[in-house]
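Residue-level listing of the chains:
2 protein chains.
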Amino acid sequence: MTDATRIVLASRPDGKPTTDNFRTETVTLPAIEDGEFLVRVIWLSLDPYMRGRMDDAKSYAKPVALGDVMEGGTVAEVIESRNSDFPVGKIVAGSFGWTTHAISNGDGVRIVDPDMAPISTAQGVLGMPGITAWVGLNDIGRAKDGETIVVSAATGAVGGMVGQLAKAKNMRVIGVAGGPEKCDYAIKELGYDLCLDHHAHDAKSLGKAIAKAAPDGVDVYFESVGGKTLEAVLGNMNIHGRIAVCGMIAWYSGQGVKDAQPLPAVWRNILTKRLLVEGFIIFEHFHKFPDFMAQVGPMVGDGRITYREDIAEGLENAPQAFIDMLGGGNFGKQMVRVGADPK
Amino acid sequence: MTDATRIVLASRPDGKPTTDNFRTETVTLPAIEDGEFLVRVIWLSLDPYMRGRMDDAKSYAKPVALGDVMEGGTVAEVIESRNSDFPVGKIVAGSFGWTTHAISNGDGVRIVDPDMAPISTAQGVLGMPGITAWVGLNDIGRAKDGETIVVSAATGAVGGMVGQLAKAKNMRVIGVAGGPEKCDYAIKELGYDLCLDHHAHDAKSLGKAIAKAAPDGVDVYFESVGGKTLEAVLGNMNIHGRIAVCGMIAWYSGQGVKDAQPLPAVWRNILTKRLLVEGFIIFEHFHKFPDFMAQVGPMVGDGRITYREDIAEGLENAPQAFIDMLGGGNFGKQMVRVGADPK
Chain A
1 MTDATRIVLA
11 SRPDGKPTTD
21 NFRTETVTLP
31 AIEDGEFLVR
41 VIWLSLDPYM
51 RGRMDDAKSY
61 AKPVALGDVM
71 EGGTVAEVIE
81 SRNSDFPVGK
91 IVAGSFGWTT
101 HAISNGDGVR
111 IVDPDMAPIS
121 TAQGVLGMPG
131 ITAWVGLNDI
141 GRAKDGETIV
151 VSAATGAVGG
161 MVGQLAKAKN
171 MRVIGVAGGP
181 EKCDYAIKEL
191 GYDLCLDHHA
201 HDAKSLGKAI
211 AKAAPDGVDV
221 YFESVGGKTL
231 EAVLGNMNIH
241 GRIAVCGMIA
251 WYSGQGVKDA
261 QPLPAVWRNI
271 LTKRLLVEGF
281 IIFEHFHKFP
291 DFMAQVGPMV
301 GDGRITYRED
311 IAEGLENAPQ
321 AFIDMLGGGN
331 FGKQMVRVGA
341 DPK
Chain B
1 MTDATRIVLA
11 SRPDGKPTTD
21 NFRTETVTLP
31 AIEDGEFLVR
41 VIWLSLDPYM
51 RGRMDDAKSY
61 AKPVALGDVM
71 EGGTVAEVIE
81 SRNSDFPVGK
91 IVAGSFGWTT
101 HAISNGDGVR
111 IVDPDMAPIS
121 TAQGVLGMPG
131 ITAWVGLNDI
141 GRAKDGETIV
151 VSAATGAVGG
161 MVGQLAKAKN
171 MRVIGVAGGP
181 EKCDYAIKEL
191 GYDLCLDHHA
201 HDAKSLGKAI
211 AKAAPDGVDV
221 YFESVGGKTL
231 EAVLGNMNIH
241 GRIAVCGMIA
251 WYSGQGVKDA
261 QPLPAVWRNI
271 LTKRLLVEGF
281 IIFEHFHKFP
291 DFMAQVGPMV
301 GDGRITYRED
311 IAEGLENAPQ
321 AFIDMLGGGN
331 FGKQMVRVGA
341 DPK
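Which chain is which? The protein sequence lines are A and B, in order. Position 265 of the first sequence, counted from 1, bears residue number 265 in the UniProt record's numbering, the numbering being contiguous throughout. Position 70 of the second sequence, counted from 1, bears residue number 70 in the UniProt record's numbering, the numbering being contiguous throughout.
Simulated from the structure, these hints should not be mistaken for lab results. One or more hints might be untrue.
As the list claims (entries may be wrong) - The calculated label-pair distances, taken between Cβ atoms and stated as ranges, are:
id	chain 1	residue 1	chain 2	residue 2	range
1	B	G146	A	R142	21 to 29 Å
2	B	I311	A	G15	55 to 63 Å
3	B	I311	A	D139	30 to 38 Å
4	B	G303	A	R142	51 to 59 Å
5	A	G89	B	A211	37 to 45 Å
6	A	D202	B	G301	24 to 32 Å
7	A	D139	B	P180	39 to 47 Å
8	A	V27	B	K212	44 to 52 Å
9	B	D291	A	D291	53 to 61 Å
10	A	T26	B	G146	50 to 58 Å
11	A	F283	B	D85	51 to 59 Å
12	B	L66	A	F283	52 to 60 Å
13	A	H240	B	I311	36 to 44 Å
14	B	D55	A	R142	38 to 46 Å
Model, not experiment: these values are computed from the prediction. Even for Gly, the Cβ is constructed at its ideal location relative to N, Cα and C.
Please construct the entire structure, taking both the sequences and the accompanying hints into account.
Take a look at the structure:
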């Protein structure tokens, strides 16, 4: 019998989450049955979509029930197995949640090759954020070589990948990020042509800065934030521009709604510029994972794609790290080290 | 030498246009040169897009300059010609504007077959509004047989055609129109399954009425109005629904902007339902005119497609008819009889 320490949803947040919305508990897991295996979690990924799951609102996925373990992508090691596809010692990626241990039958779990790249990337550039960037750029944003793209949350787990993939397509790549340190990183490490610090701008001046940064206008906007960045980019979109709507983190906790640009101005841009605006969630595109890995895996392996992780130590620090991330306090892919590296 | 009476833009409107924004003048046209021909206008079409041209704002087309003739699609008769492609007596469709006579070199002018359908349809169901409906439904709305569509301005020149073309595709077709008379017409004459009177609803109750009318949700929204209709439909859109943005007449003159739904709620719908929202203007799709005529021409000829015209008598009444149309006062395609029928 194995004890699992896990973090459950204690209450639904009213606006921004607080640590009171979470509760830590320890449960004893049952013995595994035929076809099952037991994992110990090494890495937990924290991602903005989790904020949506905390609300009891109709969305693309069911909310986390009160008292249930918080959802989350993880990288883990098989430590006991009655499933020959997942033998002891294998590293796997799966959605085991905010927990130290879990039992699985293998559904939705994939084996990770630890020789290709550090295993944490299985929840980063080579995991959900990576394929989100890849699908959003190509299939939703319909990005073409030589076009200009603006990437919001430019150094985030998804945005940082969008920028690098766009640069590999010879696009002009303009990032928007919070603070000079992130912008510096976007240009020096991720290869952005330019990065604008939204802390230094209101919507209007950010719009002017984008106009200057994109003398030929903006063809693709990778949208993760909403808020003033959306407003600033909209006015700079080219005719037949595309907006890939991947998130709206600026509005997730209900803030900024009153300050949002009036809808008619947005609609007018869509109409007069014949924009295509499309929302997407990556879960519907996972069948492309093999294609994504075949194309992007080698780029991570040989260093053409770089990444940065912001690591919180210990599962007990996951709630605060998550709250900080929602406020833009992280720098790079937010991960939680739940357990020791495999030997 | 021929005198042309014409209506020019006297001043730019501040909000809703008034008759003071227009001025009537008479000019003497020069003699036609080689390659040119002279027409007398029989029908002038009034369309919502003209409101945009009255503003000095960046849009998809240049504004009408102060003192210039108001733009407009017309059906006319060639009465003098030095162009063998357009001999005297031919009926033609072209953008001659709000005028009784004009000289053309044939650019953008097409010959109309008066035996196929009444010639006014060349600016209606078989003209710009017709192809707008056809392209918007099929190419932008990506409508499929058996899906559910909501059509705003359901009895308008474009909407009435969208509804009928959608019905011909075996879709469930729900109209939204202003007043019981229009709704009655939509159901009895245009074949809508249902039509909701937006005068009888606020956004919330209209949303409930649409939910009831569309038990399987809404797959396609043909958007011409914005305002509360947009808000009401959005909440009923199905996952992977499409919104073809053809106009936003409710907001054209700046009214209703404060009452508009907050942008974050709209963005949330786009994201969580993976909607595709696309603006279009028909001028970019005119190369499909032959395909459109081949498919839809016979449907008008044999009565499968019906239409209704709201006729203002005399060019001098065009400004008031235009103002009334912007307020939803017309019932059917708004036309102005500028000259007598051909003999």
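Starting from the hint list further up, note which numbers the structure goes against and sort them upward.
3, 4, 5, 6, 9 and 14
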